[in-house]
Amino acid sequence: MYNEKVMETFQNPKNVGEIENPDGEGMVGNEVCGDIMKITLRIENDIIVDAKFKTFGCAAAIATSSTATEMVKGMTVDEALKVTNKKVIEVLGGLPPQKIHCSVLAEEAIKKAIEDYRSKKK
Amino acid sequence: MKKPIYFDHAATTPVCEEAFNEMKPYFTEIFGNPNSQHVFGREAVKAVDEARDKIASYINCKPSELYFTSGGTEGDNWALRGCARALKSKGKHLIISPIEHAAMITTAKALEKEGFEVSFMKVDSEGRVDLEHLQSIIREDTTFIGCMMANNEVGTIEPIKEIAKIAHEHNAVCFTDAVQAAGVLKIDVKDLGVDLMSMSSHKIYGPKGVGALYIRNGLLIESILTGGHQERMKRGGTTNVPGIVGFAKAFEIANRDLEKNFKYVSSLRDRFIDRVLNEVPFVKLNGPRENRLPANADFSFKYIEGESILFSLDLAGIAVSSGSACSSGSLEPSHVLLALGLPEGLAHGSIRFSFGKHNTIEEVDYAVDVIKSAVERLREMSPLFKKEEVIKNV
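Protein sequences appear in the order of chains A and B. Heads up, the first sequence stops at 122 in the working numbering, and the numbers go up one at a time, no gaps. Heads up, the second sequence stops at 1394 in the working numbering, and the numbers go up one at a time, no gaps.
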């Protein structure tokens, strides 16, 4: 059901972990639906210099977490806010239809982490 | 990569050599339709009759009480729909267990739309039916009580004889889905007292697409597959002769080796359960330790999700099944584990291991080692897992 790229990313995910004292932190999902994603960001001068994730969820959730954190590294926060789940799926070469909601979580977690960063800055 | 290890025998099994060889001539040489009057038809009838006699003898019913079907799902559908509709002038209340196969649950839901009312028995935390609760929900208008003989996900063996007794005291029909039990446990339908029992061939090293429904002589039941004169006019559709021949042969072998297989497969399961409980922290065995299908071990791994475990094992060459929603496409966790009272997080993190007669102790040991590292790796990734947690078990 998953393509090779998704399985490879699931097996060797990048950016696993948590940044200590992050500049932005976003946690989305719940145990009932079976997916929880926590993304932490290090941001300097509005540029994301590091991103890490921890995910409770299926192979698709873990693969999209890895891909999304990889994509936003080096972006400005404004650019990162434009990273949609569609773009994450594109990079992964597609996901089965019932797994699309997992990629939405990655997008939401990044948005939430950036919101957190902005609210702290104020 | 070395040959993958198959620990998913509750899903399906390979056709055994004996059954496969027995079936072969019925595809090409003895291909007649048993409904035909000529010699080709008569040969096919003979094969089907012999198969029916054999299987009837293994479950202690009359051959005239055995109807061939396309498998477990059809048997479940036929029993539930057929009885509910045939008995609706008496009442429209049906009782089933909450841990039935989807073939029962989905059919019960469809019957609700037809105006039937469905109640669920309670099960305890190990999946065993609460007989007192069952007594308390039976009504005057209850016509049908259905409970599987052994659960496909957590392996619990149910007190079917007691359930049948309660059903009959209240003039209700008793059905059991024996898809996981037939050919694995010794079954005597007369002793159990059930009125109907469904079985499937492909769970016991027979071919897919064939099964049987035992219907006690004299029981009122409507057909659901209406058609020609097949199966004494109760089940239309051209008879699956090779399938039936293979099913009977597989059942014969299963019946012959029943005790030997039970002992061997249970020993694999017990070693596996013991090692996982001892060596993997934060794990819960679902279902009972005793009174459990010999092949079944079902675990919830706390802090991680079932599908990610399934694929981690798959990548290491171990084939298992996940009761978790993610792998089946729905978002709901296993209805069986929720009925046992597991919290959603644990219900999402379950994996079913089901062993077979060709598995070895080396395979079991290899799997435990792989599980240990896969679970550790996934927990490293989980936001729910805190290393400093000191509680030894869930």
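Don't read these hints as lab results, they were simulated from the structure. Please note that the accuracy of each hint is not assured.
Claimed, not checked - List time: in silico BS3-like cross-link candidates among lysine-lysine, alpha-carbon distance up to 27 angstroms:
(1) Lys1092(B) <-> Lys1002(B)
(2) Lys1372(B) <-> Lys14(A)
(3) Lys52(A) <-> Lys82(A)
(4) Lys52(A) <-> Lys1372(B)
(5) Lys1208(B) <-> Lys5(A)
(6) Lys1088(B) <-> Lys1054(B)
(7) Lys52(A) <-> Lys1386(B)
(8) Lys1090(B) <-> Lys1161(B)
(9) Lys1024(B) <-> Lys1092(B)
(10) Lys1260(B) <-> Lys1357(B)
(11) Lys1386(B) <-> Lys111(A)
(12) Lys5(A) <-> Lys1372(B)
(13) Lys1161(B) <-> Lys1186(B)
(14) Lys1263(B) <-> Lys1190(B)
(15) Lys1088(B) <-> Lys1113(B)
(16) Lys1357(B) <-> Lys1002(B)
(17) Lys1062(B) <-> Lys1165(B)
(18) Lys120(A) <-> Lys1386(B)
(19) Lys1024(B) <-> Lys1208(B)
(20) Lys1054(B) <-> Lys14(A)
(21) Lys14(A) <-> Lys111(A)
(22) Lys5(A) <-> Lys1003(B)
(23) Lys111(A) <-> Lys5(A)
(24) Lys112(A) <-> Lys1386(B)
(25) Lys52(A) <-> Lys112(A)
(26) Lys52(A) <-> Lys14(A)
(27) Lys1208(B) <-> Lys1165(B)
(28) Lys1165(B) <-> Lys1122(B)
(29) Lys5(A) <-> Lys86(A)
(30) Lys1263(B) <-> Lys1024(B)
Against the structure, the hints:
no., hint, result
1, Lys1092(B) <-> Lys1002(B), "violated, 55 angstroms"
2, Lys1372(B) <-> Lys14(A), "holds, 21 angstroms"
3, Lys52(A) <-> Lys82(A), "holds, 18 angstroms"
4, Lys52(A) <-> Lys1372(B), "holds, 24 angstroms"
5, Lys1208(B) <-> Lys5(A), "violated, 33 angstroms"
6, Lys1088(B) <-> Lys1054(B), "violated, 34 angstroms"
7, Lys52(A) <-> Lys1386(B), "holds, 16 angstroms"
8, Lys1090(B) <-> Lys1161(B), "holds, 24 angstroms"
9, Lys1024(B) <-> Lys1092(B), "violated, 45 angstroms"
10, Lys1260(B) <-> Lys1357(B), "holds, 9 angstroms"
11, Lys1386(B) <-> Lys111(A), "holds, 25 angstroms"
12, Lys5(A) <-> Lys1372(B), "holds, 25 angstroms"
13, Lys1161(B) <-> Lys1186(B), "holds, 13 angstroms"
14, Lys1263(B) <-> Lys1190(B), "holds, 25 angstroms"
15, Lys1088(B) <-> Lys1113(B), "holds, 14 angstroms"
16, Lys1357(B) <-> Lys1002(B), "holds, 20 angstroms"
17, Lys1062(B) <-> Lys1165(B), "holds, 21 angstroms"
18, Lys120(A) <-> Lys1386(B), "holds, 26 angstroms"
19, Lys1024(B) <-> Lys1208(B), "holds, 15 angstroms"
20, Lys1054(B) <-> Lys14(A), "violated, 58 angstroms"
21, Lys14(A) <-> Lys111(A), "holds, 19 angstroms"
22, Lys5(A) <-> Lys1003(B), "holds, 23 angstroms"
23, Lys111(A) <-> Lys5(A), "holds, 25 angstroms"
24, Lys112(A) <-> Lys1386(B), "holds, 22 angstroms"
25, Lys52(A) <-> Lys112(A), "holds, 14 angstroms"
26, Lys52(A) <-> Lys14(A), "holds, 8 angstroms"
27, Lys1208(B) <-> Lys1165(B), "violated, 33 angstroms"
28, Lys1165(B) <-> Lys1122(B), "holds, 17 angstroms"
29, Lys5(A) <-> Lys86(A), "holds, 16 angstroms"
30, Lys1263(B) <-> Lys1024(B), "violated, 31 angstroms"
In this structure, the earlier hints numbered 1, 5, 6, 9, 20, 27 and 30 are contradicted, and the remaining ones agree with it.
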